[in-house]
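The whole structure should be built from the sequences, with the hints applied where relevant.
There are 2 protein chains.
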Amino acid sequence: MTSPLDTVFAALADPTRRAILSMLLEDDMAVTDVAEPFEMSLAAISKHLGVLTKAGLIVQEKRGRVKWCKLDPDALRAASIWMQSFGQFEAVNLDAFERFLETETISQSTN
Amino acid sequence: MTSPLDTVFAALADPTRRAILSMLLEDDMAVTDVAEPFEMSLAAISKHLGVLTKAGLIVQEKRGRVKWCKLDPDALRAASIWMQSFGQFEAVNLDAFERFLETETISQSTN
DNA sequence: GCAAAAGTCAACCGAACGGTTGAATAAGGT
DNA sequence: ACCTTATTCAACCGTTCGGTTGACTTTTGC
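Chains as they are written, first to last, in the working numbering: chain A, 1 to 111; chain B, 1 to 111.
It is worth saying that the hints were derived from the structure and are not from the lab. Hints may be right or wrong, so weigh each one.
Said to hold, decoys possible - Simulated crosslink set (DSBU-like; lysine-lysine; CA at most 35 angstroms straight-line):
hint, chain 1, residue 1, chain 2, residue 2
1, B, 47, B, 70
2, B, 47, A, 54
3, B, 54, A, 47
Claimed, not checked - Residues from chain A that keep clear of chain B, each with C-beta distances beyond 12 angstroms, as calculated:
hint, residue
4, 30
5, 32
6, 35
7, 37
8, 38
9, 41
10, 43
11, 44
12, 46
13, 50
14, 53
15, 60
16, 62
17, 64
18, 68
Stated by the list, open to error - The following label-pair restraints were derived from C-beta to C-beta distances:
hint, chain 1, residue 1, chain 2, residue 2, range
19, A, 66, B, 66, 55 to 63 angstroms
20, A, 53, B, 2, 36 to 44 angstroms
21, B, 66, A, 41, 36 to 44 angstroms
22, B, 2, A, 70, 21 to 29 angstroms
23, A, 43, B, 2, 39 to 47 angstroms
24, A, 47, B, 63, 40 to 48 angstroms
25, B, 54, A, 47, 23 to 31 angstroms
26, A, 50, B, 2, 19 to 27 angstroms
Note that CB positions come from ideal geometry on N, CA and C, so glycine has one too.
Here's what the structure looks like:
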């Protein structure tokens, strides 16, 4: 048996997939549009979206010939709850968080 | 370049490693004692501890011939902060959390 | 009706993962 | 000194991962 946390964390372990989640945080997107900023094939992105879907992090809904991807925060919430057992995290420090997101973005673009 | 989040989430993606973290949450432990409840070789556990160490989730300190493992919540905090950008998580619901930990433990023992 | 667009599928590839075993190293106990 | 305990190392093995390519399906626009 594999716990849902296995798939959620495994999905989050890839920088491309985290970047996709960030993009979807801003707006729902079609598969092709998700793929556009990346330097890899559409098929590769399609696979990544499959991983995110299986992990329950996004949902995909086909309308016409385009498949829309939208964030589904429930699985993330479960994982977040798990993590908070360690370290008794205080309320999010937004300053630290923004600095953090910035370095994340930079390290992505230099992949 | 690989982001620290890559290694943290990858480390968390394995149920054995999450179980080890749970154990270390209660107390610092020697490698042999960490290995005891698991049905795999000591070498395998040693590898898992290596992964957790590289991810910064634990620290290992050798004293005499035994190597002590203790939790290091800093890396987890960073990952947790990242996750909280999705879903605007409210303060932890402790009831839900305990139910959750329970199912986690069960799904582990039936591996 | 047909070409183009959106997306997936299947086969393949090299690298990383999770485990094993057996040998090696280091420190303690007596 | 020597056996035991604690832990790692190295080599190996099968499976999964992240990517590619090329063929395929479905929908749309003209």
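Verification of the hints:
1. Among the hinted pairs, residue 47(B) with residue 70(B) is consistent with the structure: their alpha-carbon atoms are about 16 angstroms apart, no more than 35 angstroms.
2. Under the criterion of a C-alpha separation no larger than 35 angstroms, the hint pairing residue 47(B) with residue 54(A) is consistent with the structure, at around 28 angstroms.
3. Proximity of residue 54(B) to residue 47(A) is assessed by CA-CA distance (about 28 angstroms); at most 35 angstroms being required, the pair is judged to hold.
4. Look at residue 30(A): its CB is around 20 angstroms from the nearest CB on chain B, clear of 12 angstroms, so calling it non-interface holds up.
5. The claim that residue 32(A) is not at the interface with chain B holds, since no C-beta of that chain comes within 12 angstroms of its own (minimum 23 angstroms).
6. For residue 35(A), the condition that its CB be more than 12 angstroms from all CB atoms of chain B holds, with the nearest at approximately 21 angstroms.
7. The claim that residue 37(A) lies off the interface holds: its Cβ sits roughly 17 angstroms from the closest Cβ of chain B, which is beyond the 12 angstroms cut-off.
8. Every beta carbon of chain B lies more than 12 angstroms from that of residue 38(A), the smallest distance being close to 16 angstroms; the non-interface claim holds.
9. Residue placement check: residue 41(A) keeps its beta carbon more than 12 angstroms from all beta carbons of chain B (closest about 21 angstroms).
10. At roughly 22 angstroms, the least C-beta separation between residue 43(A) and chain B is larger than 12 angstroms, which holds for a residue marked as non-interface.
11. Even its closest Cβ contact with chain B, about 17 angstroms, leaves residue 44(A) beyond 12 angstroms, as expected for a residue assigned away from the interface.
12. For residue 46(A), the condition that its CB be more than 12 angstroms from all CB atoms of chain B holds, with the nearest at approximately 21 angstroms.
13. The claim that residue 50(A) is not at the interface with chain B holds, since no C-beta of that chain comes within 12 angstroms of its own (minimum 17 angstroms).
14. At roughly 15 angstroms from the closest C-beta of chain B, the C-beta of residue 53(A) stays outside 12 angstroms, upholding its exclusion from the interface.
15. Every beta carbon of chain B lies more than 12 angstroms from that of residue 60(A), the smallest distance being close to 17 angstroms; the non-interface claim holds.
16. No Cβ of chain B approaches the Cβ of residue 62(A) within 12 angstroms, the least distance being about 23 angstroms, so the stated non-interface status holds.
17. No beta-carbon of chain B comes within 12 angstroms of the beta-carbon of residue 64(A); the shortest separation is about 28 angstroms.
18. Distance check for residue 68(A) against chain B: the nearest CB is about 18 angstroms away, which clears 12 angstroms, and the non-interface claim stands.
19. In this structure, residue 66(A) and residue 66(B) meet the distance hint of 55 to 63 angstroms, their C-beta atoms being roughly 59 angstroms apart.
20. Checked against the hint of 36 to 44 angstroms, the pair residue 53(A) and residue 2(B) fails, with Cβ atoms roughly 24 angstroms apart.
21. About 50 angstroms separates the C-beta atoms of residue 66(B) and residue 41(A), a value inconsistent with the hinted range of 36 to 44 angstroms.
22. Between residue 2(B) and residue 70(A) the beta carbons are some 28 angstroms apart, a value that agrees with the proposed interval 21 to 29 angstroms.
23. Our hint of 39 to 47 angstroms for residue 43(A) and residue 2(B) is violated, since their Cβ atoms are close to 23 angstroms apart.
24. Checked against the given bound of 40 to 48 angstroms, the beta carbons of residue 47(A) and residue 63(B), roughly 46 angstroms apart, stay inside it.
25. Judged by the Cβ atoms, the range 23 to 31 angstroms given for residue 54(B) and residue 47(A) holds: they are separated by roughly 26 angstroms.
26. Separation of residue 50(A) from residue 2(B) is about 22 angstroms and conforms to the stated range, judged on CB atoms against 19 to 27 angstroms.
Checked against the numbered hints given earlier, this structure breaks hints 20, 21 and 23; the rest are met.
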